[in-house]
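Participant: Using the sequences and the hints given, assemble the complete structure.
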Amino acid sequence: MLQVQSKADLIHDVSQFLFREARYADDHRYEDWEALWADDGVYWIPANGDDIDPERQMSIIYDNRSRIGLRVKQLLTGKRHTQEPQSRLRRIVGDIEVVKEDDRELHVACNTMIFESALRGDIIWASRNEFVLRRDGDDFRIARKKVSLVNNHKAIFTLSFLV
Amino acid sequence: MNMLARSPEWGDLIRRDRVRGGLYRDPAIFQIELERIWYRTWVYVGHESEISKPHDFVRKSIGLQPILMTRGQDGRIHLLLNRCTHRGNQLCAKEHGNAVNFTCPFHAWNFASDGRLVGYAFPDGYQGLNREAHGLGRVPRVASYKGFIFGSFAADGPSLEEHLGGAAETLDRLAMTSPEGEIEITAGFLKHRVRANWKFILENETDGYHPAFVHSSIFAVADSGIGNLYGAKSTALTRDYGNGHTELDLRPEFRKRDAPLSWFGTTIERLPDYAARMNSAYGEAKARQIMIDGTPHVMIFPNLFIAEIQMFVIEPLGVEDSVQHVTALQFKGAPDLNRRMRQQTMGSVGPAGLLLADDSEMYERTQRGVHASDTDWIYLGRGEHRERRDGDGFMVGHATDEVPSRGMWRHYRALMEQA
Chain A
1 MLQVQSKADL IHDVSQFLFR EARYADDHRY EDWEALWADD GVYWIPANGD DIDPERQMSI
61 IYDNRSRIGL RVKQLLTGKR HTQEPQSRLR RIVGDIEVVK EDDRELHVAC NTMIFESALR
121 GDIIWASRNE FVLRRDGDDF RIARKKVSLV NNHKAIFTLS FLV
Chain B
1 MNMLARSPEW GDLIRRDRVR GGLYRDPAIF QIELERIWYR TWVYVGHESE ISKPHDFVRK
61 SIGLQPILMT RGQDGRIHLL LNRCTHRGNQ LCAKEHGNAV NFTCPFHAWN FASDGRLVGY
121 AFPDGYQGLN REAHGLGRVP RVASYKGFIF GSFAADGPSL EEHLGGAAET LDRLAMTSPE
181 GEIEITAGFL KHRVRANWKF ILENETDGYH PAFVHSSIFA VADSGIGNLY GAKSTALTRD
241 YGNGHTELDL RPEFRKRDAP LSWFGTTIER LPDYAARMNS AYGEAKARQI MIDGTPHVMI
301 FPNLFIAEIQ MFVIEPLGVE DSVQHVTALQ FKGAPDLNRR MRQQTMGSVG PAGLLLADDS
361 EMYERTQRGV HASDTDWIYL GRGEHRERRD GDGFMVGHAT DEVPSRGMWR HYRALMEQA
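As given, the protein sequences belong to chains A and B, one line each in that order.
Mind the numbering: the first sequence is residues 1 to 163 in full-length UniProt numbering, read in order.
Mind the numbering: the second sequence is residues 1 to 419 in full-length UniProt numbering, read in order.
Derived from the structure by calculation, the hints contain no laboratory data.
Keep in mind that a hint or two might mislead.
Stated by the list, open to error - Between beta-carbon pairs, the in silico distance windows are: (1) B:V118 <-> A:G49: 27 to 33 Å; (2) B:T235 <-> A:H153: 40 to 46 Å; (3) B:D376 <-> A:D53: 44 to 50 Å; (4) A:R90 <-> B:F213: 51 to 57 Å; (5) A:N151 <-> B:F213: 29 to 35 Å; (6) B:R270 <-> A:T77: 24 to 30 Å; (7) A:E31 <-> B:F106: 54 to 60 Å; (8) B:R18 <-> A:D53: 47 to 53 Å; (9) B:R18 <-> A:E31: 42 to 48 Å; (10) B:H210 <-> A:R29: 26 to 32 Å; (11) A:L119 <-> B:G75: 45 to 51 Å; (12) A:R29 <-> B:G318: 36 to 42 Å; (13) A:R20 <-> B:S52: 45 to 51 Å; (14) B:R339 <-> A:R135: 28 to 34 Å.
Claimed, not checked - Below, in silico cross-link-like pairs of lysine-lysine (DSBU-like), each with a Cα-Cα straight-line distance of 35 Å or less: (15) B:K146 <-> B:K286; (16) B:K233 <-> B:K256; (17) B:K94 <-> B:K53; (18) A:K154 <-> B:K146; (19) A:K154 <-> A:K100; (20) A:K73 <-> A:K100; (21) B:K256 <-> A:K79; (22) B:K53 <-> B:K146; (23) A:K73 <-> B:K233; (24) B:K146 <-> B:K256; (25) A:K154 <-> B:K53; (26) A:K73 <-> B:K256; (27) B:K233 <-> A:K79; (28) A:K154 <-> B:K94; (29) A:K154 <-> B:K332.
Claimed, not checked - Computed far set for chain B versus chain A, every beta-carbon distance over 10 Å: (30) W10; (31) S52; (32) T85; (33) R141; (34) A168; (35) G227; (36) K332; (37) D390.
Note that CB positions come from ideal geometry on N, CA and C, so glycine has one too.
Facilitator: Encoded structure:
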């Protein structure tokens, strides 16, 4: 019984963390969002399939921790034209599963749908997201976030908000 | 309102220093462009390294037409129309691969990798079907330069070398960045769609006036050294090679720095293997000069843009709809350089690129802007008072001047006036 309860607690804790990450991104709380990352975090959005080798093939985003910081800093200048005015965003995060866990890290998968309203028009983005979350006391830090867009094999419009 | 008749008076739309906004948004103009530019002049299709082995194929396009770029059994390159000659079905749906034959899924007509009709189902139903007449349609002229494959739907016309003219030298320069003298396109393409006319993209590629403003956000936070190249005090040049080809020649700035690989924001110490291979390939003095000068920033009309570390291919989908295909340039025999090329390319370009997302925002805003009026001119007169001929007779101007736009439009008008 104890075992089952702790599993439910874990899913709850993970879900709360993912919802928070989603809300910071939707609300353009760039610094709060960046603070969720581990020091060695990797942020990856593959192109032309979900299982390419990002060390050999082009990805839409393949940021190490310092480039994540640069991306956020650029948004914070207020002169990142593609986000001035900022996209209006709301996303749903669902189908959350803890795939694997140990004392240090959790592998978590979920599906996400984002509605973006920007100057260009309104777009729906959909993706499978895979996280490696590192335990940090009662909280987590993102060690890895992979966003596999459903349409990553096609030509896509500018994707300049935090996905 | 459609202000333009089937045969407009081009001189009313395109002047030396200004063009009408309707040229970017009128569907009738786009139709004429397809006929007189995309289906007539030399258009870049793909690179030889994308189909390195016999029977390799990759799907490409010219204008709105779907092209299958293949390498036949004998190594020859073919630009085939991706359309079954029976009932017009899209023949190949795979993006790329290797196939001795293409079988149409509709009625099982079968074509060789060189486009020949090999067979078809239930042959009793035909009497004397002429197989030769039913091979895949093909782009009548195919030519390549430094591995860059171009196609022209015009059976006759200037050769590819004549079309490239002075701009061919920029591709020579590019190839010399490789210690083996060869470019490879192997990293896959990012495909970035914009709601904008293809010519806004084309013109922006060698516009040195915008970076200080459009890219101020990234220049403010990244120590890239790019910003200074496009300042008011820059010694870099804009150049019009004729035939619509234009360049931002950054060499004067890089030569002032006099530091090998400074053009790429790095040093010989950081890429020692590359520097050593360059020295043994070209000799130390020449290798040093190549590594100081860097790769070109050149727009080959109408759709191939070499942007120092990456290559863009511009694809028009409609009058207000385009795709930028972009990949990192890769140089044969330069793995350490190539890795950095890929990293920098992924950061700067594509749909989430720290640079290109802002360029693309401008394309889309300008597209919306030109809906505001039929009669307003777009003014392209910057730097007319200080443009001059260089030693080779090409028009050059300050890094921020609109020499390239004026050159592209002069060529565009000449093409559009040929009925």
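Participant: Failing hints, ascending?
Facilitator: 4
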